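Top to bottom, those sequences are chains A and B. Residue numbers for the first sequence follow the numbering used here, beginning at 1 and rising by one. Residue numbers for the second sequence follow the numbering used here, beginning at 1001 and rising by one.
Think of the hints as simulated: they come from the structure by calculation, not from any bench. Keep in mind the model is a prediction, meaning the values are calculated, not measured. Careful: at least some of the hints might be erroneous.
[Unchecked claim] Within a straight-line C-alpha distance of at most 30 Å, the following computed DSSO-like cross-link-like pairs (lysine-lysine) qualify: (1) K58(A) with K1157(B); (2) K54(A) with K80(A); (3) K1157(B) with K128(A); (4) K1069(B) with K80(A); (5) K127(A) with K1157(B); (6) K80(A) with K119(A).
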Amino acid sequence: MTLIESLESYYESIDAGDLLRLSTLMTRESYLMSLNSLGFKKAFQDESFRRLLKEMEKDSKALLEVEEILSLELRGESRKYDIETLLYESKGSDRVTLRYSQDENPKKIHFSNQEGVWKIDFKAGRKKDL
Amino acid sequence: MEKSIINNRRNFIKVMGMGMLATATASFAKGASVSLATSVVLSDEQKDTLFLIFQEEKVARDVYVTLGKLYPEESAFANIQLSEQEHILSAQVLCERYGIDTLSVNLSLDDNFVGQFELDPMQELYNQCVQLGQVSLLEALKVGRLIEVTDIDDLEKAAEGMPSDVVNTYENLKSGSLSHLAAFETAISRES
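Isolated chain A (complex conformation) (with noise of 0.2 Å):
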């Protein structure tokens, strides 16, 4: 898959509530980033969501029930974005960021390569020493 691509099934599994597909894209930190940002809302009206969240780093049931309680919550939701990529940045031999807009908004999506495939990794954005 190319970085492009990447960034196109980011939004679409989000659009789709496709969590299993979007942890894929990710690096397991980045994932754990956005369903903390996608569930922030559920978060604020649900005590017990909240602690779910909390918990899901170090607890596989807690993550499955995150999911499931997001994936309907992301479907109910008819997110559209339009994108458009415009240039890559190299931050050294193992990281790239992508320009692009979203909705004429600047935007960047950082990838680290991890063993050997592209992952989402939004603490890549850093330029790494040479």
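Go by the hints and put chain B onto chain A.
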């Protein structure tokens, strides 16, 4: 009249922001030799964490700037957004000390940049916070409370295994967040 007060407050924040940046840079200049003398070297993962925490601090500030404009009668947002600006600068100084370039993050308080995030999860978080806070002042204060609780958790996690100067800075940020949390709790009690 009300618009003028908001503009004055925003200009004050801009000036304060610039002033704090100068102070922080001067402090950094003094502290840099200490950092070099101790020869502390961070791993790539630790540097990435420093950079992420720095970027996350902008989310809280921008949410409070936006909610503060929605509820200008509530002083908690105005007071805490100033403190959040200091948090950003503390995290920025830490990044600079370890050679992490922070120039790619736009910290401008210009209307065109407040609430704009290049990373999707941060944009998502900001959007959800503002959407929830738009319902009422009470809900906005509760959003503030949850942001601070989340910040405290994130800082505790980020401090694990870090050298003492990073831990100290994160402890200071955590103290600030605890004080913001108390301010939001007080305001929530008053509004409930």
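Each hint tested on the structure:
| no. | hint | in the structure |
| --- | --- | --- |
| 1 | K58(A) with K1157(B) | holds, 13 Å |
| 2 | K54(A) with K80(A) | holds, 29 Å |
| 3 | K1157(B) with K128(A) | holds, 23 Å |
| 4 | K1069(B) with K80(A) | holds, 28 Å |
| 5 | K127(A) with K1157(B) | holds, 23 Å |
| 6 | K80(A) with K119(A) | holds, 23 Å |
This entry satisfies every hint, going by the numbered hints stated previously.
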